[in-house]
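Enquirer: The chain contents come next:
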Amino acid sequence: MNNVVFKGNKEGIVVTFNDEANLEDSIKDFKELILQQNLGAEDKSIKFFVKTGSRQLSSERLLEIKTILSKYPQIDLQSLESDVLSKDDVEEKIEESNINIETGIIRSGQKREYQGDLIFLGTLHPSAQISATGSVYILGEVSGIVQAGYPDNTSANILGNLAKVAQVRIADTFEIVADGNSEKYTDNQYAYLDDIHSISVDDIKNFKN
Amino acid sequence: MGISIVVTSGKGGVGKTTTTANISTALASMNQKVCMIDLDIGLRNLDSVLGLTNRIVYDVLDVASQRVAISQALVRDPRFDDNLYLLAASQFEDKYALDKESISGIVEYLKSRFDFVIIDCPAGIEEGFQNAVSVADGALIVTNPEVSSISDSDRVVGILEELNMPVTPHLIINRIRKNMINNGTSMNITDIVDHLGIPLIGVVIDEDDVIYASNSGQTIVNDPNSEAGRGYKNIAKRMLGETIPLDLFDAEEKKQGFIGRLFGRS
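Line by line, the protein sequences give chains S and W. Residues 1 to 209, numbered by our numbering, are exactly what the first sequence covers, in order. Residues 210 to 475, numbered by our numbering, are exactly what the second sequence covers, in order.
These are calculated hints, taken from the structure and not from any lab test. Computed from a prediction, not measured in an experiment: that's the story for all the values here. Please note: incorrect hints may appear among the correct ones.
Derived Cβ-Cβ restraints for the label pairs, each shown as a range [to be verified]:
hint	chain 1	residue 1	chain 2	residue 2	range
1	S	151	W	221	29 to 39 Å
2	S	151	W	300	27 to 37 Å
3	S	90	W	318	49 to 59 Å
4	W	391	S	186	29 to 39 Å
5	W	276	S	178	50 to 60 Å
6	S	88	W	335	55 to 65 Å
7	W	391	S	116	46 to 56 Å
8	S	86	W	251	48 to 58 Å
9	W	434	S	188	53 to 63 Å
For every residue, glycine included, the Cβ atom is placed at its ideal position computed from N, Cα and C.
Given the sequences, and given the hints that come with them, work out the whole structure.
Expert: Now the structure itself:
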């Protein structure tokens, strides 16, 4: 079995690194194979899709591959991916899609943080805050600060009865609900960050996950 | 073995000291052995409202730093035989000199000799408060029907919930203004209890006589004409396990409408 395989298709060239081969040798073969493509004289760009299989390359190795390719301006690197993720990455992803359920009373002065989404069935008192890295689904009584997408997840949403919330926060933005916004914020809505990075609301029946 | 109860609120001026003094004297009148501890170091008040200031020789810091034994520092209230004692706060030393361990030792000793150890807590949520609540088996949260007091009490309940005390905190709604209840402008008692989410142990009407009494070093619980006194007395009775319905603190028929308004029923 070869260390590296180049295979052409109608999109470009798929480069597959054999994940059981010696990496040094594979990279040497990789350089060789590129030379053999005889790209020198051509103007038109050629797309490369690089796969590393069941092996995750270190950032140094990835840089090495990118550096090799950068010597050939015609090569347009579309993707450089592996089939596997590190354990830390997996744990992070699991945490992000975790759904928390809160039924308690969050009292004045308390701030509760949640990894992932939050279904809030409890009571949020004024000057209390709930902060989720994902979206927040409000089913309880809320009069404090609700934050979704903490700290920088701009695709997070807040759904439910937004009328009595003190402040709506998504990622790094916030809006004070009372400030002349009483028509904007009502029941059965969802709040999201629009294209100009400000908080917009829409009827909940238009919500698509 | 006795029980230690801290009287706290967060907000200042809502009636912690008055409540401590009144329920302690009520309990003492009901043959309970009660020791009060004033932990408002620096601004001690419990002795003044009881008229015991002149009897203070040693205070809680003298005991904590082991200059004297507890028994030497306890001030006996001569009006209640042997049932009511006070361990006064100090006025002169830095409050940070008192730590959780020393207070804990004092409270444990007192619990072995008294039925109730009632601790008057300073306002706020800083070190004085933290020391006072850390040594108590239970808490009485005193609140006024007023937005900042309720917000502070909410904060305090949140803090106490984390401490997992053996006895769950109970609520006293103090200084209820009768005229505001009568004209419908007072906050609704049921709403307050629902919002704070802890059991209510009593309500006390605001009365000028309470201040008048404490100005002369007296409590109001033994004045049969005082509604506030009755309120405090009923709290003491409930602490002893008696079931006293809240709407019977004023039994007269003609005041039913008032009771209804008090609890938000029209």
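Enquirer: Using the Cβ atoms, figure out if residue 151 of chain S sits within 27 to 37 Å of residue 300 of chain W.
Expert: violated, 48 Å
Enquirer: For residue 88 of chain S and residue 335 of chain W, compare the CB-CB distance with the range 55 to 65 Å and indicate the outcome.
Expert: At roughly 40 Å between Cβ atoms, residue 335 of chain W and residue 88 of chain S fall outside 55 to 65 Å, so the hint is violated.
Enquirer: Given a hint of 29 to 39 Å, does the C-beta separation of residue 151 of chain S and residue 221 of chain W actually sit inside it?
Expert: holds, 37 Å
Enquirer: Between residue 391 of chain W and residue 116 of chain S, is the Cβ distance one that fits in 46 to 56 Å?
Expert: holds, 51 Å
Enquirer: Okay, residue 86 of chain S versus residue 251 of chain W on CB: inside 48 to 58 Å?
Expert: holds, 56 Å
Enquirer: Cβ-Cβ distance between residue 276 of chain W and residue 178 of chain S: within 50 to 60 Å?
Expert: holds, 56 Å
Enquirer: Does the Cβ-Cβ separation between residue 391 of chain W and residue 186 of chain S fall within 29 to 39 Å?
Expert: holds, 36 Å
Enquirer: Has the hinted range 53 to 63 Å been met by the Cβ atoms of residue 434 of chain W and residue 188 of chain S?
Expert: For residue 434 of chain W and residue 188 of chain S the Cβ distance comes to about 55 Å; the hint holds.
Enquirer: Look at the Cβ atoms of residue 90 of chain S and residue 318 of chain W and judge whether their distance stays inside 49 to 59 Å.
Expert: Hint holds: Cβ distance 56 Å, inside 49 to 59 Å.
Violated hints for the displayed structure, listed by number in ascending order: 2 and 6.
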